[in-house]
Amino acid sequence: MSAVLDRPATAAPGTDPDAGRRRIAIKPGAWITWGVLGFFFLNLLGVIVTVLLNSFGSSWFRSWLPGGWTGHWYSDAWSEFSLGQVLWTTVEVTFLVVLISLVLAVPASYALARRDFPGKKLVMGLFVLPILVPPIAYGIPLATVLYKFHLAGSVTGVVLANLVPSIPFVVFTMTPFIEQIDPKIEAAARMCGARTWTVLSRILAPLLLPGMLAAGILVLVRTFGMFELTFLTSGPTSQTLIVTLFSAVNSAGIRSTQSIDAMAVIYTGTMAVLLLIALRFVNPTQLVARSTD
Amino acid sequence: MTVVLPQSPSRPALRHRLAERGVDRTLLLVLPGALAVIALFCYPFLYGLQLSFQPASGGVLGAYHAFFSEPFARKSIWQTFSLAIPASLINVGVSVPISYRMRRDFRGKRLLLALLVVPITLGTVLTAEGILEFYGPAGWFNHTLNLLGLASSPVQLTMNYTGVLLSLIISGFPFAYLLTHSYLSGIHPSLEKAASTLGADWWQRFRHITFPLLLPGLMTTFCLSFVMAFAVFPSAMMVGDPDGKTHVISIEAYEAALEHFDYAQGCADAMIMTVLMLVVIVAVTTLRSRLYSGSTGGKG
Chain F
1 MSAVLDRPAT AAPGTDPDAG RRRIAIKPGA WITWGVLGFF FLNLLGVIVT
51 VLLNSFGSSW FRSWLPGGWT GHWYSDAWSE FSLGQVLWTT VEVTFLVVLI
101 SLVLAVPASY ALARRDFPGK KLVMGLFVLP ILVPPIAYGI PLATVLYKFH
151 LAGSVTGVVL ANLVPSIPFV VFTMTPFIEQ IDPKIEAAAR MCGARTWTVL
201 SRILAPLLLP GMLAAGILVL VRTFGMFELT FLTSGPTSQT LIVTLFSAVN
251 SAGIRSTQSI DAMAVIYTGT MAVLLLIALR FVNPTQLVAR STD
Chain L
1 MTVVLPQSPS RPALRHRLAE RGVDRTLLLV LPGALAVIAL FCYPFLYGLQ
51 LSFQPASGGV LGAYHAFFSE PFARKSIWQT FSLAIPASLI NVGVSVPISY
101 RMRRDFRGKR LLLALLVVPI TLGTVLTAEG ILEFYGPAGW FNHTLNLLGL
151 ASSPVQLTMN YTGVLLSLII SGFPFAYLLT HSYLSGIHPS LEKAASTLGA
201 DWWQRFRHIT FPLLLPGLMT TFCLSFVMAF AVFPSAMMVG DPDGKTHVIS
251 IEAYEAALEH FDYAQGCADA MIMTVLMLVV IVAVTTLRSR LYSGSTGGKG
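One line per chain: the protein sequences are F and L, in this order. Position 251 of the first sequence, counting from 1, maps to 251 under this note's numbering, and the rest follow consecutively. Position 99 of the second sequence, counting from 1, maps to 99 under this note's numbering, and the rest follow consecutively.
Please keep in mind that the hints were generated in silico from the structure rather than gathered at the bench. Every residue gets a Cβ at the ideal spot worked out from N, C-alpha and C, and that includes glycine. Among these hints, one or two may not hold up.
Unchecked claim - Listed below are the simulated DSS-like cross-link pairs for lysine-lysine, each with C-alpha atoms no more than 27 Å apart in a straight line: (1) L:K109 with F:K27; (2) L:K245 with F:K27; (3) F:K27 with F:K121; (4) L:K245 with L:K75.
Claimed, not checked - Only some residues are given here: those of chain L computed to face chain F with a beta carbon under 7 Å: (5) Q50; (6) F53; (7) R101; (8) E133; (9) G186; (10) I187; (11) H188; (12) P242; (13) G244; (14) F261; (15) Y263.
Unchecked claim - Not close to chain L: a few residues of chain F, all C-beta gaps over 12 Å, as computed: (16) N54; (17) S75; (18) S79; (19) E80; (20) G119; (21) V133; (22) A189; (23) G193; (24) P210; (25) P236; (26) L241; (27) F246.
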C-alpha cells in the first residue's frame, strides 16, 4: 500500500513522463471505460454514504441531506438489538471458525501439496464441492441435520456450519503456498538429525506462518460476512451481526431505519477495519478466488 | 550361516511400493479435513437427498411432484434464471473491455483493485440496505434524475426486479472484474506484440489473439458469477418483491424448510436447485473443454 501512496508524490502531475497514461486520455474507448467504472463507483459511494448519513440524521425526508444531526441512533441500536451480545457472538464464532479450519485444513493442504497419490483428484473434488455449491443449497439439508442432533440454534451449530466453506477455502489458499516451499529444506533438516517434531516446529511452522496468517484473515473476513449459513443455523442467542441486521430489516415491527442504519454502519466499519488488515497481507484478487480452476 | 530373506529381493515390501506411488503416513494428514467435509457436507447432503424422497404425503416423489405441480413454485425456476443469467452476462461482459483497457500497469491500479474488493466484503445485506435508500423514491439517485430533467416522477427501482438486479451487479461486478483481470494478466503481452508486428489492428488482436486465450477463463468466471447470482437470497428478500416477481428458488426452499417446517419439501427444493445449477456448470464446462487450453505464456 505504501508504494501506491508514495509514487504520486514523486512525480509531479503536470510533468508526467508516462506516455501510456497520456494516451489513455485521448482514446474515446478509454473515456467509456473510465466512465463506466466511475459511474459504478459513484453508485457504490452513494449506497454507502446514504446509509452513513441516515444513521447520523435526526430525520430525512425528501431533501438532499438530513434535517439535523444526532448520534443517539447508535445508543438506540446498541440497546434495542443488544449489540454487545451480538458482537461478542460474532467474535466468538469467527475466531473459532478460523482456528478450527486452520487446524483441520493446514495438515491436509500439506499432504496435498507434497504427495501425488492415487485418488488425489477425488480428494480435491471433495474439497471443491462445498465451494461450488451455493451455501443456501447445502445449508438447508445441513440445518435439517443440525436440528436433528439439537445442535442448531447454538454457537456450536453456527461454527460447524461455517466450517463447511472455510476448510476448503484454507486448503485452496494453503496448497499453492506450501508447494512453493522447497521440500529440500525439510530433507536437509532431517539429514542434520532433526526429528519430526523439530522439523514441524523449527522449520515448517515459521515458513508456513505467513500463509496461515493470510488464510486465517481471509476466513475471518468471509465468516464475518457469511449470511446464509449463519442465518439458517442460528438461534436467538447465536446470531452474528449480519443476521441481526437482516432480521431487523426484514421482520415486521416499529423500528426506525436510522437505528438499523447505525447497526449497518457498525457492521461496515468493522468490516473495513478487517479489510484494511487483510489487504496488508493478501492480494485483492485472492479475496475472490474461490477455486483453483 | 544362512541369511533368510523375509521376501524375495525382486519384490520390495508393500510399504515401499506404496511409498513409491505416494502413499505413506503423510497422507493421514488429509484425514481430519476430509472427514470434517464428509461429516458436515456430504452426509447432510445425502441425508437431505433421502429425506426429500420421504415427504409427509404423495409417495416417494411427492415433494418433487408438489414443487412442479404448483405454478407459484414452478415459476421460481424461471424467475431465478431470468435474474441470474442477465446479471452474470452483464458482469462478465462489462468486465472484459474494462480489464482489457486496464491490463497495463498504471498509477493507483492497486488502489483501484482494493476499492473493487469493498462491495464484495460489504455483503449482500448491507448492499441491499443501501440500495433501498439510495435508489428509493426519495433517494439521491432519483433526486439526481429529477435535477437533470431525465424523470419527472420518481422511477421505481426498488422492491422489484430492478432492485435485485442492481444488487447482483453491485456485489457481482467486482468479483467478475477481479477474476477476469487475473486471467487477462496471465496472457503474455508478447503474443499481442507479435500480432501487432504482423500488422493486426487492435480489433484483430483482440478478436484473434487475446479473446480466444481469455475465453476459458471467462467461462469459469461466468460459472462462478452464475453460482453467486443463482443463490441470491437476502437481496431478493430485501430489495425485491419476494412474493411476486423475485420469488426465486432459494426463497421457495427457505420458506418450505424453515417457515413451514416441511424439511422434506425444503430438501427437495434444495436438490432441485443444486441439479439446475450443476446442469448449467456442466454445460459451460463442456463447452470450455472444447476450447484451447494450453499455455498462455504468462505468469498465471
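To see whether the hints hold, each was checked on the structure:
no.: 1; hint: L:K109 with F:K27; in the structure: holds (19 Å)
no.: 2; hint: L:K245 with F:K27; in the structure: violated (42 Å)
no.: 3; hint: F:K27 with F:K121; in the structure: violated (47 Å)
no.: 4; hint: L:K245 with L:K75; in the structure: holds (9 Å)
no.: 5; hint: Q50; in the structure: violated (10 Å)
no.: 6; hint: F53; in the structure: violated (13 Å)
no.: 7; hint: R101; in the structure: holds (4 Å)
no.: 8; hint: E133; in the structure: holds (4 Å)
no.: 9; hint: G186; in the structure: violated (11 Å)
no.: 10; hint: I187; in the structure: violated (15 Å)
no.: 11; hint: H188; in the structure: violated (18 Å)
no.: 12; hint: P242; in the structure: violated (9 Å)
no.: 13; hint: G244; in the structure: violated (16 Å)
no.: 14; hint: F261; in the structure: violated (9 Å)
no.: 15; hint: Y263; in the structure: holds (5 Å)
no.: 16; hint: N54; in the structure: violated (6 Å)
no.: 17; hint: S75; in the structure: holds (20 Å)
no.: 18; hint: S79; in the structure: holds (20 Å)
no.: 19; hint: E80; in the structure: holds (16 Å)
no.: 20; hint: G119; in the structure: violated (9 Å)
no.: 21; hint: V133; in the structure: violated (6 Å)
no.: 22; hint: A189; in the structure: holds (15 Å)
no.: 23; hint: G193; in the structure: holds (20 Å)
no.: 24; hint: P210; in the structure: holds (19 Å)
no.: 25; hint: P236; in the structure: holds (14 Å)
no.: 26; hint: L241; in the structure: violated (10 Å)
no.: 27; hint: F246; in the structure: violated (5 Å)
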